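Quick one: dock chain against chain with the hints and give me the complex.
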Amino acid sequence: MLAGLPANSGLNIAYEAVDRHTLGSGADQVALRFLRKSGQIQEYTYTRLQELTNRFANLLKGLGVGKGDRVFTLAGRMPELYITALGTLKNLGVYCPLFSAFGPEPIRVRLSIGEARVLVTTKALYLRKVAQLRSSLPKLEHVLIVDEAGRSEIPDTLNFHDLLSKAPGRFAIPPTDPEDWALLHFTSGTTGQPKAAVHVHAAVLAHQVTGKYALDLYPEDIFWCTADPGWVTGTSYGIISPLTLGLTLIVDEEAFDATRWYRIIQDQRVSVWYTAPTAVRMMMKMGSEAVKTFDTGSLRFMASVGEPLNPEAVLWGKEAFGLPFHDNWWQTETGGIMIANYAAMDIKPGSMGRPLPGIEAAIVKRKKPGIELVDNPDITGELALKAGWPSMFRGYLGEDERYRACFQDGWYLTGDLARQDSDGYFWFVGRVDDMIKSAGHLIGPFEVESALMEHPAVAEVGVIGKPDPIAKELVKAFIVLKPGNRPDNALQRDLLGFGRKRLGAAIAPKELEFRRSLPKTRSGKIMRRLLKAQELALPEGDTSTLEETP
Amino acid sequence: MNKEELVRSILTALAEAAPGTDADTIDPAISFRDQIEIDSIDFLNFVLLLEKKLNLKVPEIDYPKLSSLDGCISFFETHHKLAD
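Which chain is which? The protein sequence lines are A and B, in order. If you want our numbering, it's the 1-based position in the first sequence plus 940. If you want our numbering, it's the 1-based position in the second sequence plus 7.
If we strip away everything but chain B, and leave its shape as in the complex, we get (with noise of 0.2 angstroms):
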C-alpha cells in the first residue's frame, strides 16, 4: 500500500464513520471532530473501520493519535510498511 492509497482507506473509513462527510474539504491538520459531524461513537466505529481495511490492530491507548488525517497518516507510516 502506498500513500495515495493510506489516505484513501483513511477517507473511506471516515466517510462510512460518518455519512455525508465531504472528505475532499478534510483539512488534515485539524482534528476531524473540528471540522466534521462525528462524536465519540462515530470516531470509534472510525477506528475499527480502519483496523479492518489495514488489517492492523489498533491498541487502544493510541486512538487519540487517530483524531487527524495527518495524525492517522504518520500513524499508520509508522506501523504499517508502505509500499515507495
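With the rest of the complex left out, here is chain A (with noise of 0.2 angstroms):
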C-alpha cells in the first residue's frame, strides 16, 4: 500500500520508495547492493538513499532548479543515477534518463526537446558525447559530472560529489499533486522527432501494484532487474516498484556477461529475476549445462520484457532454472505491465499473458471515423487500452496532436497488432507502423534515416528491422547514392561507421545495402513496408502477412 506525504500533503513517488521505510523497521534494510565494475559491492540502506537523495534534492534548490525542471542523466548504473532520480522527485522537478549507448545526436535530439536544464553524466561520457554538444543547447544549464578520479577540470560542468557533499541532508518534499509531472520518457515515432512521454507522481500506484501483480514482489525479495536505467522499464522497475514494496534490488553495473549473471544469483540469492528476451536467447545459446555449474536455486520468480520471447525460450527457464520466464508486455506510454502471464496464473508460453486486475484490453480495428472492438477470439486487430489507469502518460511533450491521435473512443491505440484466443490470453502479431523492435529497443526508422542522409554520398535511404534469431529484429538500410560515388565495401564501412558515430551502437544500422533507386509511393515517401516485403522475399504484391495499414 503506499502511504501519501505526511499531513495528507499529496503523493509524492520518491517518498513512497525511499522516505517511508526509514520509518519503520525497513530504515536499515539494505535498500540497493550495487556490484560495480571494479569488483566493489556497495550498499545502501534506505535511510542512506534518503540522505543523498535529501542532498541531491538541495543541491538543485541552491542551484534554483525547482518544480517542473528537467533533470536528465546520461548514465551506467551507477548509485549517482539513482541519487539524482530520486533526488530530483523529490525536488518536484522532472526525471528523464537517456541510453548511454546513444551516440551524440540522439542525445542533442532528447535534451533539446525535454529542455534539459540539468545533466548528470560521466566524465568519459561528457567528453565522448556531451561537450561537442553545448553550443546548440542553450537551455542546459548545469551539467554534474561523476568523475571516478576524483575533481573535474572540465570547463563549464559541476562536479557532482563536490556539491552533494556541502549540500545539507535534509529536506522536507514539497506538498505534490498526484497529477505533478514526475518523469519523461523518450520513444520513437515511426516518423518525426522521437516523443518525450510524460508521466506523473500518480503512476507510483501501478508502479507497486504491478510490481506485486506481474513480477510476484514482496519486502523480504532479493530483487534484481537487469534492463538499463536508459529505458523505461529500468526506472519502473529497476528503481521504483521495488523500492516502494521495501526490498533490496541488485544493480549489476556491467553489461551481459552469461556466467558472471549466473554466479549473481547465486552469491546474492537473487529471489525475483526481471530480464528480456535478446539476454535469455543468449543464454540458451550457451546451453543450460552451463547454469547447473551454479546454484540458482534462490530463484523463485522469473519474467521477461522488451519483445515477446518465443516458446522454447520460456520453457528453456525451466529447464535450466527449474521455472519458467513469465513473459510480460507494456510500453513507454503504459509506465508500467499491463498484460503478464502472472504468478498466479497458468504461462501460455510465447503469449503476452492477461491483463493486469484494474486493465482493460482489447483488439480493435480503426474505422473512419472511430474504432471498432473485434468480439470474436483469434482475430488479428490493434491492440488498445481502455484509457485512465494510473501509470497512462499525459501526454507528449509539446506535441498534443500526436497525444491525441493515440486515443479513439476512450481507448488509448497501441501501435502493437495482436490477438487474443478464446482463453483471454493476448499474443502479439507485429507492429501496425515501420517501428523497430531491436534488443528491447524500440526504434524509430526515421530518426535512423535522418543521420544516414546527413552523409555527403547519401541521396536517398530506407531503414527497416531484418527478422534476427538474437535480437529479434536488426536494423537495416537500404541506400541509394548520389552520382559519382561507387557503391564499395569502402563506402559501406565508412556509412556504417558514420552512422555508430552518430546514432550510437544500438540505433545504428548493423547492416547496409546499395540499391538503384528505392520503392516510393506516389506522393514520394519511401515504403518501408516493400522493402521489408523484398527482404524477407515475401510476393511484393502482398505485404498482408507483415502488417496491416492501420
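Derived from the structure by calculation, the hints contain no laboratory data. From a predicted model like this one, the values you see are computed outputs, not experimental measurements. Each residue gets a CB set at the ideal place from its N, CA and C atoms; glycine is no exception. Among the hints, a few may not be true.
To be clear about the criterion: a stretch of chain B counts as covered by chain A if any three or more of its residues have a C-beta under 8 angstroms from a C-beta of chain A, and this derived list gives those stretches [stated by the list, open to error]:
hint: 1; segment: 8-21
hint: 2; segment: 35-47
Taking lysine-lysine and the DSBU-like style, the derived pairs with C-alpha atoms no more than 30 angstroms apart in a straight line are [stated by the list, open to error]:
hint: 3; chain 1: A; residue 1: 1406; chain 2: B; residue 2: 64
hint: 4; chain 1: B; residue 1: 60; chain 2: A; residue 2: 1406
hint: 5; chain 1: B; residue 1: 59; chain 2: A; residue 2: 1106
hint: 6; chain 1: A; residue 1: 1326; chain 2: A; residue 2: 1305
hint: 7; chain 1: B; residue 1: 59; chain 2: B; residue 2: 10
hint: 8; chain 1: A; residue 1: 1288; chain 2: A; residue 2: 1406
hint: 9; chain 1: A; residue 1: 1225; chain 2: B; residue 2: 72
hint: 10; chain 1: A; residue 1: 1225; chain 2: B; residue 2: 59
hint: 11; chain 1: A; residue 1: 977; chain 2: B; residue 2: 72
hint: 12; chain 1: A; residue 1: 1377; chain 2: A; residue 2: 1441
hint: 13; chain 1: A; residue 1: 1258; chain 2: B; residue 2: 64
hint: 14; chain 1: B; residue 1: 10; chain 2: A; residue 2: 1377
hint: 15; chain 1: B; residue 1: 72; chain 2: A; residue 2: 1441
hint: 16; chain 1: A; residue 1: 1441; chain 2: A; residue 2: 1152
hint: 17; chain 1: A; residue 1: 977; chain 2: A; residue 2: 1377
Written out as C-alpha cells, the structure reads:
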C-alpha cells in the first residue's frame, strides 16, 4: 500500500520509494546493492538513500532548479543515477534518463526536446558525446560530472560529489499533487522526432501494484532487474516499483555476460529476476549446462519484457533454472506492466498473458471515424487499452496532436498488432507501423534515416527491421548513392561507421545495402514495408502478412 | 601466425564488427565496451568473425575472455599455436 505524504500533502514517488521506509523496521534494510565494475560491492540502506537523495534535492534547490524543471542522466547503472532520479522527484523536478549507448545526435535531440536544465553524466561520456553539443543547447545550464578519479577540471561543468557533500542532508518534500509531472521517457516515432512521454507522481500506484502482481515481489525479496536505466523498464522496475515495496535491489554495473549473471544469482541469492528476451536467447545459445554449475536455487520467479519471448525460451527457463520465464507486455506510454503471465495463472508460452487487475484490454480495428471492438477470438487487430490507468502517460511533451492521435473513443491505441485467444490470453503479432524492435529497444526508422542522410554520399535511404534470431530484429539500411559515388565495401564501412558515430551502437544500422532506387509511393514517400517484403523474399504484391495499415 | 599477425586479425575483426572503430586508439588493457561504440550484438559478431579468421571455435563460456585486446591475445596465444 502507499503511504501518501505526511499531513495529507499529496503523493510523491520518492517518498513512497525511500522516505516512508525509514520510519519503520525497513530503515536499516539494504535498498540498493551495487556490483561495481571494479568488483567492489556498495550498499545503501533506505536511511542512507534518504539522506543522499535529500542532499541531491537540496543541491538542485541551490542551483535554482525547481518544480517542473527537467533533470537528465546519461549514465550506466551507477549509484549517482539513482540518487539523481529520486532526489529530482523530491524537489518536484522531472527526471529523464537517457540511454548511455546513444550517440551525440540522439542525445542532442532529446536534451533539446526535453528542455533539459540539468544533466548528470560521467566524465568519459561527457567528453565523448556531450561537450561538442553544448553550444547548441542553450537551455542546458548545469552539467554535473561524476568523476571516478576525483575532481574534474572540465570547463562549463560542476562536480557532482563536491556539490552533493556540501548540500544539507535534511529535506522536506513539498506538497505534491498526484498529477504533478515526475518522469519523461523518450520513445521513437515512425515519422518525425522522438516523443517525450510525460508521467506523473500518481503512476507510483501502478508501479507498486504491478510489481506485486506481475513480478510477485515481496519485502523479503532480493530483486534483480537487468534493464538499462536509460529505458522505461530501468526506471519503473529498476528503481521505483521494487523500492516502494521495501525490498533489496541488486544493481549490476557491467553489461551482459551469461556466466557472471549466473554467479550473481548464486552469490546474491536473487529471488526474483526480471530480464529481457535478447539476454535469454544469448543464454540459451550457451546451453543449460553452464547454468547448472551454479546454485540458482534462490530464484523463485523469473520474468521477461522487451519483445515477445519465444515459447522455446520460456521453456528453456524451466530446463536451466527449474522455472519458466513469465513474459509480460507494456510500453513507454503505459508506464507499467499491463498484460502479463502473472504468478497466479498458467503460463501460455509465447503469449503476452492476460491484462492485470484493473486493466481492460481489447483488440480493435480502426475505422473512419472511430474504432470497432473485435469480439471474436483469434482475430488480429490493434491492441487497445481502456484509458485512465494511473501510470498512463499524460502527454507527449509539446506534441498535443500526436498525443490525441493515440486515443479513440476512450481507448489508448498501442500501435501493436495482437490477437486474443478464447482463454483471454493476448498474443503479439507485430507493429501497425514501421517501428523496429531490436534487443528490446523500440527504434524509429526516421531517426536512423535522418542521420544517414547527412552523409555527403547519400541520396536516399530507407530503414527497416530485419528479422534476427537473437535480437528479434536488426536495423538494416537501404541506400541510394548520389552520382559519382561507387557502391563498394569501403563506402559501405564508412557509412556504417558514420551511422554509429552519430547514433550510437544500439540504434545505428548493423547492415547496409546499396540500391539503384527505393520503392516509393506516388507522393514520394519511401515504402519501408515493400523494402521489408523484399528482404524477406515475400511476394511484393502481398505484404499483408507483414503489417496492416491502420 | 605470429603475435603481430594475431593482433592485426583481432583489430580487423573488431573494425568489421564495429565499423568506425579506430584501431590505433584501442587501449589493450581496457574492455572494448568502455572505449568504443560496441553493443552485445556487435560483440557476438566480433567473436564469430574471429573464429572464421583464426579457424578456431571459441566455446561460448569463454566469450567474456575476449572483451579486451589483452584478453583476446592471451586467449588465442594459449589456444592457437603461434609461430616464434
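**Request:** Check each numbered hint against the structure and report the violated ones by number, ascending.
**Result:** 1, 5, 14 and 16
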